[in-house]
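Residue numbers (our numbering), protein chains in the order written: chain W, 1 to 177; chain S, 1 to 856.
Simulated from the structure, these hints should not be mistaken for laboratory data.
Note that this is a predicted model, so its numbers are computed, not measured.
Each hint should be verified, as a subset may be incorrect.
[As the list claims (entries may be wrong)] Here are the simulated BS3-like cross-link-like pairs (lysine-lysine), alpha carbons at most 30 Å apart as the crow flies:
1. S:7 / S:31
2. W:40 / S:178
3. S:178 / W:88
[Stated by the list, open to error] Simulated restraints on C-beta separations:
4. S:799 / W:158: 48 to 56 Å
5. S:752 / W:75: 55 to 63 Å
6. S:178 / W:24: 30 to 38 Å
7. W:75 / S:22: 40 to 48 Å
8. W:75 / S:191: 19 to 27 Å
9. S:824 / W:79: 31 to 39 Å
10. W:18 / S:108: 55 to 63 Å
11. W:75 / S:108: 35 to 43 Å
12. S:824 / W:15: 27 to 35 Å
13. W:15 / S:108: 50 to 58 Å
14. S:478 / W:18: 52 to 60 Å
15. S:799 / W:74: 31 to 39 Å
Even glycine gets a Cβ: it sits at the ideal position worked out from N, Cα and C.
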Amino acid sequence: METNTETTEEVEEIDLAPAEEIINQLPDNSRGHLIPTLDKVQGIYRYLPDPVMEMLMEFFNIARAEIYGVISFYPQLRITEPGKYIIKLCYGTACFVKGAPIINDKIHEKYHIKPGETDAEKLFTLQTASCLGNCGAAPMAIIGDDTHGTIDPEKTYDILSEYKKDDEETPVTEEVG
Amino acid sequence: MSTVEKKILNVKINGEETTVPEGTVVLEVCKQNNVEVSNLCYNRKLKPFAACRTCMVETVVDGKKELVYSCTHPVAEGMEIRTATEETDRYNKACLEMLLVEHPLDCPICDKSGVCPLQDNTDLLQLYDGRFETQRRNEPSIKTNPIIEFYLNRCIMCGLCVRACDEIQGAKALDFHKRGMSVGIGTANDEPLDCEFCGQCITVCPTGALMDMTSGARGLAAMFTETHSTCNFCSWGCTVKLETKKGEVIRIEADENYNVGINEGNLCAKGRFGHGIIHNEQRIENPLMNVGGDFQEVTWDEALNTIADRMQATVNRSGPDSLAAIGSEKLTNEENYLLQKLFRETLGSNQLNNLANIRAPYLNQFMLNCFDNGISSKPITQLQEADVVLVFNSDLPSEYPVGGNSVRFGTVFNNTDILIANPRRVVFDSEAKVDVRMTFKHGSDLAVASRLAKIMIDNGLIDASKAKSSIANFDELVQSLSSYTADNTEKLTGLPDDVLTRAAERFARDADRFVLVGNDILDTGQGEEILNALLNLCTLVNFGSTGSVSIYPPREHCNSQGVNDMGLEPEFLPGYQPSKGEKGRDFFENCKDGTTKFLYIAGEDPVGSFYRPQLVTEALRTVPFLIVTDVYMTETAKMADLILPSSTYAEKDGTYTNMSRHVQAVTSAILPQGTSKPDFDILIELAEALGKPFQKSTLPEIQQEIEEAAPVYKGTFPGKDSKQWVPPKSDKKPEFKINPASNDAEAAQESFPFTLQTNNHMFHIGSYSQHAKALVDIGPECIAEIHPEDAKGLGVASGDQVVIESSSSKVQVKIKTTRVTSQGMVYVPKNWPEVPVNNLRNGEEGLVQVKVSKSG
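The following block holds chain W by itself, in its conformation from the complex (with noise of 0.2 Å):
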C-alpha cells in the first residue's frame, strides 16, 4: 500500500525544514488542524509539493487519497507549482461586459494558457476571479501583488510585459479564502 512504502526518489530537491517547522509547532494531530496547515505550507512553497503531503500524512495519520480528497475541495490549494506571477481575471458581470473575456483570449493568445494553467517559463498562472469587488474600476486584474484597474484589452500586453521571470520582487503568497 501507498502509505507503507518509503519514496526513496524525490522528483525534485525540496527544503523540507520549512514544513518540518509547522508541523513542530502544531499542538497535537487533530484533524482540525489540518487545512490551516495545508494553507501555511502553500505560503511557504506556493503549491503543496508530494513531500510534504507525505510527511503530513504520516503526522495526521490520513491516508493519501484523503488529504488530496481535502485539497481537491478548495480550489486555492494547488498541487504544482505556480508561475511567479499569479494573474486573478476578475469575471464578474461588470468586469465581462466591459471586457475582460477579451483580455482572457490576449493571454491565450500569447502564452497559450487557459484559466487555471500555467505558461511553460513558469512565469504567469492564469486564473478567473467571480467578482473581486472593485466593479468600478472594471474591467480589472491582481497580478501578483499589484491590482489594475480599468485596463484597456488592447493594453494587456503592456501590463504583462512588466513583469519579468528575473524580477527581484518577492514571489507571492495567498490565503485560503
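Go by the hints and put chain S onto chain W.
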C-alpha cells in the same frame, strides 16, 4: 456476545410489536422485521452516513411525531415507526428522482442489473415518470488498474465504497474528490488504484459504478446462476457466491445477506479474483503415466487398474504399512475420509499423514489441550463482538484478511481492544481506541507470551487463588515463568515492560477474548513451546478471570483443520480417536530409506511447499511408485509415476472445516472440466478397481459415516449453515503445559546477520493462486522487504535485485525498503516458484540466518 449487555427496547413497526437492543438504528429494525424501506447508502457493516436521503420514516415517541432518516436514527423505548406514509414517500421520491436525473439507464450492460438497489428502490417507490429532464454524464470509464473498473457515470455518491475501504478494509484507497457538481469518488490525484484489492467496494456499490474486470461476462448479473460454496484458499472459510453462465464460472461475489457463512459478505483478493484457477489451459487434462521419463496420456480405466494392481502387489510383497498416503489440506472432508478409509480399512495401512501434521504434530495436541482446559472456543462469527483480540504473530491482512474485517467491525461497533504481537510492524488500521503494538525481536515469541502470563500473576490481574485451586500445577507454572522478569524479557524481546503490562491488563480484565495465532510461529523452531505458553495464558484467564476466551490453532489452508479431523495422521482416527496402528517414524525419512514402497499424494505439492524440500525430493525419488492427484502440474506431480487430474472446488461437493471448526458446504457450480474427476470419485472408483468397493458411495452416505466415526461432526452436515463442531466436555483435569527452561534465541551469526521471515502474501497462497491471471496481475512478482536503515548499510534501494543467501542455498529477489519490517530482518513472501524461499530453510528448525547482498 460481548460482555457489555445492551438494554432491550420495545418498539412498534407499522403496528407490529417487536423488541430490539438499544442503539440499533430504525432502518436495521425494519430490515430485520422484513419491512421494506427505500435506502441506498445503508450497510449494516458500516457506520451510519445518511448520504442518499431516501430512507425517511415517521416515528412517534411519547405522542411526538418526527420525520427521521431511518439509517442514522436510533430506536427509543416505546417508539412507533411508520414506513411508506404519503409524506415520507413524497420526500424519499423527490431525492431519488434527483439521483435519476444523472443516472445512465444502461441497465442491459450493467453488472448490477436485476440486483440493483437503485432499480429496486425506483420500483418500491413506484417512481416511473420523473419530473426532471435527464442530464446524463458521459465520462469514459477508468481502467488504470488490472481488476476494478470505475464507471463513474453510474455513481450516486452514496459513499459506500469509500466507507467500506476505510472501515471494513482499513485501506483508505478511495475518497471523495472535488466538490459540488463535479464531485466524484476516486484515488488521490486519479493515480492508478494500488490497494489490497479485496473488492469490498464492488460488493457494496449499489449501482455498478465499480465493476469486476475479471468477470467473464458483462451485464445482467441477475441472469447468472448463483451457487454458494466455500472458498478454497486460506483457512478462514469464507462463503463465496460462484456465479456461472452457460456452464462456466464467470465471477465470484460475496453474499451480504444475514446468516450466510461466517464472513458477513466480506472477501479478499484471493477469494474473489482467484477464479482464474477454474477454467485454465494449464490444467492437467488426462491421466498421465510416466513412461521412461515421458508422461503419456492414458485412460482412466488403465490408470486406476494400474494403481489397484500395484497397491495389491505392494501389500502382498511388503505388507500394508509399506503403502502410505498424504491427505490434503485442500481436499474436502469427505475425500480425506475416503482416503483414510481406503488405506486403513481396505489396505490395512496406518501410514497416513498431512503436511501440516508431519511438520507440527503438536498443533492437534494443542487443540486437544485447549479442550481439556475447558477452552472450546466460540464460533468465529462472534469475533466481531469480542472485547479484546490478541493477534499473535499473524500479519492479519495477509494471513486472514477477512478475519481482519471482523476485527475492524468490532473496533467500530463494539469497542474491541486490539493487541498485536509481531516481529514486524504489521499494518493494521482500525478504529480501535486501545491498540497495543508489541513489536518484538524476531524469534522472541515465547518470551512475550510467557511474560504476559507472569505479569497477570504478579500484578494480581487475575484471581491467582482461584486459578490455583482449579489447576494442580499452578505453582509449577509460576516457577517456570520466574526467569521472565521485566529486565530479562526486555533484553530478549526489546519490548519495554509497560507495553506488555498494558496488554496484559486489557487481556486479563472481564472480557470476551479471542486469540488468533499466525502460522509464522512454526518457523521459529519453538512452535510447541509458544503454543504451550499461549495455552497457559488463556487457561489463566479462563480460570482466574471472568468472561470467555477463544483460541484456535494456526491452520494454513482451506481444510487444514478438516484433514486432521478426518484422521489423516498416524496418531488419530477420525474425530481424534487414538489409532492403534503402526505410527511409523518420520514420514519422508520412511520414504527415503525405502520403507515406503507406494505413496499416494492427494492434491499436495510437498516439493514446492514443505519446509524440507531437499528431503522431500530425495524421498519421492526413492519411493518405487508415486501417485499424485492434482489440478495442475506441480513440481511434485512431475516426479510421479502416475498423475490423475482432479477437479477444482467449483466442480465438486462436500465440506471444508475452517480453522475455527465450522463445517461448511462446498457445492459444485459447474461440471468437472475435461476428463478431470473430483478426488471423491477417484477414490470410490479406485476401491472398485481393487475389487473391494465401498459399501456406501454417495455423499450423504459418506457424511453419515463420518458422523458415526467422528461424533463431533454430528449435525454439522451438509454444512449449509456453517455450524461449528463442538468437542464433548472433557473429563480430564485442566493443567498448564510447562515449558522446559528455555534456550533463548541465538545471537545472529556475523556471516549471516539477518533473520528470515516468510509467510503467505496477501494475493497468493498455496500452489494454485499463481495460475489465476488476476492474482498474477496484481501480485506479479515476489518482492522482499527490508528496513531502510539496513538497506542503506547494504547500499541497496527499493527496486534493486538482491541475493539472499543462507548456509544451504540462495535466491535472487527484488527488494523494497519499508519500516514495516524491523531492522535485522528480511521478509520474503513464499508464494512465487521463481523465488523458492523454502530452499533457504531446507529443513532447519528455528530462525533461518541469511545474508543479503546486491545482485550483479
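Legend entry - Broken hints, by number: none
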